[in-house]
Amino acid sequence: MSLFENIKMALMSVKAHKMRSILTMLGIIIGVAAVIVVVAIGQGGEAMLKSQIAGDGNTIEVFYQPSEEEMQQGDWEQNPFTSDDIRELEKLDKVTNVVASTSEYSTVRLRDESTDTSITGINQAYMEVNKLDIAEGRGFTSADFLGGRRVTVVSAAMQEELFEGKSPIGEIIRVGVQPVEIIGVLEKPTGLFAFGSVDTYLPWSAMRNMFGTNNYSQVTLEVGDTDDLKPTGEQATEVLNRLHDTEDSYQVMNMEEIAAGIGQVTTIMTTIIGSIAGISLLVGGIGVMNIMLVSVTERTREIGIRKSLGATRQQILFQFLVESIILTLIGGTIGILLGSGTAYLVSFFADWPSLISWQVVVGALVFSMLIGIVFGILPANKASRLDPIDSLRYE
Amino acid sequence: MIELEKIVKSYTLGKETVEVLKGITTTIEKGEFVAIMGPSGSGKSTLMNIIGCLDRPTSGTYFLEGEDVSTHSDPELAKVRNKSIGFVFQQFQLLPRLTALKNVELPMVYAGASKKEREERASDSLTRVGLRDRMGHLPNELSGGQKQRVAIARALVNDPSLILADEPTGALDTATSVAIMELFVELNKEGTTIIVVTHEPEVAEYANRVIYVRDGLLGKQPMNGGFPS
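Top line first, the protein sequences correspond to chains R and Y. Heads up: the first sequence begins at 823 in my numbering, then just goes up one per residue. Heads up: the second sequence begins at 3 in my numbering, then just goes up one per residue.
Hints in this document: simulated from the structure, not taken from any laboratory. Predicted, not measured: the structure shown is a model, and the values here were computed from it. Just to be clear, a hint being listed does not mean it is correct.
To be verified - Examples of chain R residues lying across from chain Y (beta carbon under 10 Å, computed):
#1 Ala838
#2 Gly867
#3 Leu871
#4 Gln1057
#5 Lys1129
#6 Ala1133
Unchecked claim - Once the Cα atoms are required to be at most 20 Å apart in a straight line, the calculated SDA-like pairs of lysine to any residue come out as:
#7 R:Lys953 <-> R:Ile994
#8 R:Lys837 <-> Y:Leu97
#9 Y:Lys81 <-> R:Arg1207
#10 Y:Lys117 <-> R:Ser925
Note that CB positions come from ideal geometry on N, CA and C, so glycine has one too.
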């Protein structure tokens, strides 16, 4: 008897007991759906974390980590990047932009009110590379950077804090004692790590004049192609260590490694939660076995008839095995649909991306089929072993 | 065609061994219509199971069409049942969810026939038993006599050398019983070997020969063709 014949027969039998079949499948449905949802949300979260950590992938941060020796001698800088350094870095082959900034914490006053804020003096590249979008007013112009104008762009949080949401454009705030004019407000940040912090941005030249800082505290290089990141980073550290006559104090961070590390953590989490969900699949499988055993007993006569007509043990075994596989496979398919739908709803309402990969879908199908085989083999074997004479007499 | 030689069948119940058949030797020729009779507990059902290849004898040999089937393995016996034997049971033993046509197709499904061939031969077979217009009906839409005709059509469909009927009229009224037995006679005239197991003398009368089983042995053949009560 062909496989197709068996599948048709199994579908008929499943259809003949609709309610029972659905209840039997329920365990598999819930199990598969749970696994799909957990894995989808886990993988989606992982992808999001990675993209946010690694950014668009074509920038690399240079940082300064003084050696212990330098620390002891007090021979280290809080703002370790000079204007000369920046110029040298800009000369590097693949570098498209050198983003440089200096940060300070200070109190900002508007008439009687005040708030603590981080003041960031930025160079022109910073605006472009970090994509600081202006919601209101205008951004810095070249003239602002060159002339060291005392103008500022503030974050949306700052606008709420000091101006209670009213337009702050043209207002004068005092950073420390120095008056600065607000020319623009930034877009509210979105995304996972977007804490609306209270920020004030100044052209670096203005910052230098106001705070007397000569150097930059943070430098990020932008390259045209992601593949250039590593060699460019190495070149940059070489240049900087040479200029400053240090051994290994200027370093670059490999974002890929960090992203991979975080990926590992989320993978472990997903695996743990997924395995717990997998247990319900196991329970579902036991349900299938239970019903199949009942079904075999109920159909004792059918088995006897089939055997008297020439069905072999293998054919009977196969018939019942196919039936349990069909049961779990249908359950698995429904579970995949249900799980995908749920994952979609979760990402829709919780603003969390979900990722349903074909590997997970195929895996779920294979696994439900496997459950069908594992938990179907006992009932099927029982059916195949029935004595035809006894089964024909069975009432 | 059927040669039974010292067939013994014994069952072990706990410590006790019960010998149901105590050495039966008989021959049934091709084209015969034989009735096997005997009171309940005589061993006639056991004998039928062995002739029908549903069971193996404990000892003795059974040649079916020159083939020693007493030592066949389970799959070999299944094949013999499928190809050479057609069963007709007292309780019809039709699958309730299948139409008459599908029920008749069943032996051919296990024989591995194509769908087209199955449908053709099954409808031929049903036509032969007079159920041409009932092919699409489910068993519960048919009368007892019609059900038994479907069962006979099913028994015939693989063109077996032997039809084995176990109390084929046991669940039917007198008129229907007569019709069914006449069908058997007709089939026998067309050349099919038929063995009917029964305890009803009226049924046995249709046979050319009666084999009487008592206490696991063959009894005397009645002189007048009837059956002593």
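Are Lys837 (chain R) and Leu97 (chain Y) close enough, with their CA atoms no more than 20 Å apart?
Given that 20 Å is the threshold and the Cα spacing comes to 16 Å, the pair holds.
Tell me if the interface restraint on Leu871 (chain R) is satisfied: Cβ within less than 10 Å of some Cβ in chain Y.
violated, 54 Å
Would the stated hint for Gln1057 (chain R) survive a check requiring a Cβ distance to chain Y of less than 10 Å?
Where the cut-off is 10 Å and the nearest Cβ of chain Y is about 74 Å from Gln1057 (chain R), the hint is violated.
Against chain Y, is Gly867 (chain R) within 10 Å by beta-carbon distance?
With a minimum Cβ separation of about 49 Å from chain Y (threshold 10 Å), the hint on Gly867 (chain R) is violated.
Hint Ala1133 (chain R) vs chain Y: min CB-CB distance below 10 Å?
holds, 5 Å
Checking one constraint from the list: CA of Lys81 (chain Y) to CA of Arg1207 (chain R), max 20 Å. Satisfied?
Distance of about 17 Å is within 20 Å: holds.
Taking the closest Cβ pair, is Lys1129 (chain R) under 10 Å from chain Y?
holds, 7 Å
Ala838 (chain R) was flagged as interface toward chain Y. Is the shortest Cβ-Cβ separation under 10 Å?
Because about 6 Å separates Ala838 (chain R) from the closest Cβ in chain Y, which is inside the 10 Å limit, the hint holds.
Tell me if the straight-line CA distance from Lys117 (chain Y) to Ser925 (chain R) falls inside 20 Å.
violated, 82 Å
Agreement of Lys953 (chain R) and Ile994 (chain R) with the hint, judged by alpha carbon distance not exceeding 20 Å:
Distance of about 25 Å is beyond 20 Å: violated.
Going through the hint list in order, the structure does not satisfy hints 2, 3, 4, 7 and 10.
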